[in-house]
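Chains A and B, in that order, give the protein sequences.
Under the numbering used here, the first residue of the first sequence carries the number 7, and numbering increases by one thereafter.
Under the numbering used here, the first residue of the second sequence carries the number 7, and numbering increases by one thereafter.
Source of the hints: derived by calculation from the structure; they are not laboratory data.
A quick note: this is a predicted structure, and the numbers were derived from the prediction, not measured.
You may find that some hints are simply not true.
When chains are identical, the list treats them as one kind, so a pair holds in a single copy or across two.
[Said to hold, decoys possible] Below, computed lysine-lysine pairings styled on DSSO-like, alpha-carbon distance capped at 27 Å:
{"no.": "1", "residue 1": "136", "residue 2": "274"}
{"no.": "2", "residue 1": "223", "residue 2": "181"}
{"no.": "3", "residue 1": "173", "residue 2": "143"}
{"no.": "4", "residue 1": "85", "residue 2": "63"}
{"no.": "5", "residue 1": "109", "residue 2": "49"}
{"no.": "6", "residue 1": "161", "residue 2": "274"}
{"no.": "7", "residue 1": "36", "residue 2": "279"}
{"no.": "8", "residue 1": "262", "residue 2": "223"}
{"no.": "9", "residue 1": "223", "residue 2": "279"}
{"no.": "10", "residue 1": "31", "residue 2": "172"}
{"no.": "11", "residue 1": "274", "residue 2": "223"}
{"no.": "12", "residue 1": "223", "residue 2": "136"}
{"no.": "13", "residue 1": "274", "residue 2": "109"}
{"no.": "14", "residue 1": "245", "residue 2": "262"}
{"no.": "15", "residue 1": "245", "residue 2": "95"}
{"no.": "16", "residue 1": "161", "residue 2": "31"}
{"no.": "17", "residue 1": "223", "residue 2": "172"}
{"no.": "18", "residue 1": "173", "residue 2": "223"}
{"no.": "19", "residue 1": "223", "residue 2": "245"}
{"no.": "20", "residue 1": "31", "residue 2": "262"}
{"no.": "21", "residue 1": "274", "residue 2": "245"}
{"no.": "22", "residue 1": "173", "residue 2": "31"}
{"no.": "23", "residue 1": "63", "residue 2": "136"}
{"no.": "24", "residue 1": "59", "residue 2": "223"}
Protein chains: 2
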Amino acid sequence: MIELDFNITIVGLGLIGGSFAMALKELNPKNLWGVDIDEDIIKTAEETGIIDKGYLKPQAPLENSDIVIICIYPNMTIKFIRDNMNCFKTGAIITDTAGIKDKLVREINSFLREDLDFIAGHPMAGREYKGLEFASKDMFADASYIITPTYRNNKENIDIVEDIVKKIGFRDVVKISPEEHDKIMALTSQLPHIIATALINGSNEYDINRFIAGSFKDATRVARINSQLWTELLIDNRKNILAQIENFEYSLREIKRAIISNERETLKSIFDKGSLRREGML
Amino acid sequence: MIELDFNITIVGLGLIGGSFAMALKELNPKNLWGVDIDEDIIKTAEETGIIDKGYLKPQAPLENSDIVIICIYPNMTIKFIRDNMNCFKTGAIITDTAGIKDKLVREINSFLREDLDFIAGHPMAGREYKGLEFASKDMFADASYIITPTYRNNKENIDIVEDIVKKIGFRDVVKISPEEHDKIMALTSQLPHIIATALINGSNEYDINRFIAGSFKDATRVARINSQLWTELLIDNRKNILAQIENFEYSLREIKRAIISNERETLKSIFDKGSLRREGML
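Could you build the full structure based on these sequences and the hints that come with them?
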């Protein structure tokens, strides 16, 4: 039974694209095609049945796809849409999964054909490993999906994207502007990765394995990072990230000052405030 | 069958003391007594059978205990031993569980009776909740136990402590000096708690619950903190902690500088270094 009456193409069969394919396959779309630059990945994806057919060249699947889900790096996403502008089917929904949105949406909208609808998306899910081998149809369970609509988007198409991401497991869909998205991600996603990296890189004095408790492990988990992708995200969102780093540095200096000047009450109230905020978090 | 041929007293039946009691009970010591300032806690501990008998006044159990395990805040630990100096049984082993060691060991050794052996210990385990209700006999499974011996300690007594903590579930026992302990804890335990607090306290701009992914959750988990205990730990270990905060600030500024000056290669190599170090962690 076809639950999704669309031809869908996924571009990039990595961790995110692969997980999308696995989750979408369960919904029985009319056709589920994959595009990748790696022939071995296409072969694996076909053999394991997570796509109906894979392609190195995107033209054929794009010409017949109602929905195109692009799961590659931000700047590659822009380039892919630009390079294949003439291949997309009239009326197609194009969506992406990149971790930055403002620059990407503006650039794509500057050259997008009038008859296409680019609805930018960002699955708030991931892992510290990359590649199809770590993909899973359950990766999106209980995560948030962010959509950053603009005036150009067709309301019905937004509903279609929202419906699909809910069907593949996302807990809820949040709609905000691309600018807001980038500001918030600088805090909730990029800053924690930067802090984890700074913490572990500053720790080379000791054989820490013998002395780590849960706090250090958790604080550095995401230091295991896809360095190429994150370099791109950070450079592209630099204004917001620098503001968040400075905000964090200020917050850290408050604690430092209280320690230096032996202000027990200040320190206790800083910890109480943090505890309370953390308790309020889901 | 008595596996531990000792009378043991646990001072402070909170998260750590309660967990010690539960785990020790399984080893059938000759007698397992508890001391606490809270009558209700003593009653609960007696009723649930995690101790044989509880006391508000420590004199009676101390006079008959071969081993005394003190599970209260660092400065209370010092005060408890000082105040009850004349109660301890000749030849008794006294150990503690405080998260700082240098100042504590020096102070206690300055007034300790010659016939007593204070062997300082630190279980590298804990939870973000406090109190007996969160104690568990399995809390120490797979954690490290640090012992910080000094020239005063009797080798056989160190072996006894080591044997007991292994029997109650600790994966391994690490022996280092009190000074080293405090330096390392500033990095592997106290700094992550400070960072988590600074991160969450700096984040009050948004309703972050709608936007948090795993990275922010993990990075702030230990912001849920026992503020009184941690204020004490930080003030008492301030020299080492300030050095570690400054080291971390330096490491963070490296990333910031690379972002400001658009140095993609520098940024990528910083992330690669962090990834590699994190992969090497247990």
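Each hint, compared with the structure:
1. Taking the shortest alpha-carbon separations for residue 136 and residue 274, only the inter-copy value of 16 Å comes in at or below 27 Å, while the best intra-copy value is 41 Å.
2. Taking the closest pair of Cα atoms, residue 223 and residue 181 come within 27 Å of each other only across two copies (21 Å); inside a single copy the shortest separation is 33 Å, beyond that limit.
3. Taking the shortest alpha-carbon separations for residue 173 and residue 143, only the intra-copy value of 12 Å comes in at or below 27 Å, while the best inter-copy value is 42 Å.
4. Taking CA atoms no more than 27 Å apart as the test, residue 85 paired with residue 63 passes inside one copy only; the shortest distance there is 15 Å, against 75 Å between copies.
5. Taking the shortest Cα distances, residue 109 and residue 49 never come within 27 Å of each other, neither inside one copy (34 Å) nor across copies (63 Å).
6. In this assembly of identical chains, residue 161 and residue 274 lie within 27 Å of each other by CA distance neither inside one copy nor across copies; the values are 50 Å within and 39 Å between.
7. In this assembly of identical chains, residue 36 and residue 279 lie within 27 Å of each other by CA distance neither inside one copy nor across copies; the values are 52 Å within and 45 Å between.
8. For a Cα distance limit of 27 Å, the shortest separation of residue 262 from residue 223 qualifies both inside one copy, at 23 Å, and across copies, at 23 Å.
9. Taking identical chains as interchangeable, the C-alpha atoms of residue 223 and residue 279 lie at most 27 Å apart whether they share a chain (23 Å) or sit on different chains (16 Å).
10. Taking CA atoms no more than 27 Å apart as the test, residue 31 paired with residue 172 passes inside one copy only; the shortest distance there is 14 Å, against 50 Å between copies.
11. Proximity of residue 274 and residue 223 under a CA criterion of 27 Å is satisfied in both settings, with 24 Å inside one chain copy and 22 Å between copies.
12. For a Cα distance limit of 27 Å, the shortest separation of residue 223 from residue 136 qualifies both inside one copy, at 20 Å, and across copies, at 21 Å.
13. For the homomeric pair residue 274 and residue 109, the shortest alpha-carbon distance between copies (21 Å) is at most 27 Å, but the shortest distance inside one copy (42 Å) is not.
14. In the homo-oligomer, the alpha carbons of residue 245 and residue 262 lie at most 27 Å apart both inside one protomer (26 Å) and across protomers (11 Å), since each shortest distance falls under that limit.
15. For the identical chains of this complex, residue 245 and residue 95 are neighbours neither inside a copy (36 Å) nor across copies (65 Å), given an alpha-carbon limit of 27 Å.
16. In this assembly of identical chains, the alpha carbons of residue 161 and residue 31 lie at most 27 Å apart only when taken from the same copy (25 Å versus 65 Å across copies).
17. For the identical chains of this complex, residue 223 and residue 172 are inter-copy neighbours only, at 22 Å across copies versus 32 Å inside a copy, given an alpha-carbon limit of 27 Å.
18. Taking the closest pair of Cα atoms, residue 173 and residue 223 come within 27 Å of each other only across two copies (25 Å); inside a single copy the shortest separation is 34 Å, beyond that limit.
19. Taking the shortest Cα distances, residue 223 and residue 245 sit within 27 Å of each other only across copies (23 Å), while inside one copy they are farther apart (29 Å).
20. Taking the closest pair of Cα atoms, residue 31 and residue 262 never come within 27 Å of each other, the shortest separation being 52 Å inside a single copy and 42 Å across copies.
21. For the homomeric pair residue 274 and residue 245, the shortest alpha-carbon distance between copies (18 Å) is at most 27 Å, but the shortest distance inside one copy (33 Å) is not.
22. Taking the shortest alpha-carbon separations for residue 173 and residue 31, only the intra-copy value of 11 Å comes in at or below 27 Å, while the best inter-copy value is 50 Å.
23. Only within a single protomer do residue 63 and residue 136 lie at most 27 Å apart by alpha-carbon distance; the minimum there is 23 Å, versus 59 Å between protomers.
24. In this assembly of identical chains, residue 59 and residue 223 lie within 27 Å of each other by CA distance neither inside one copy nor across copies; the values are 41 Å within and 38 Å between.
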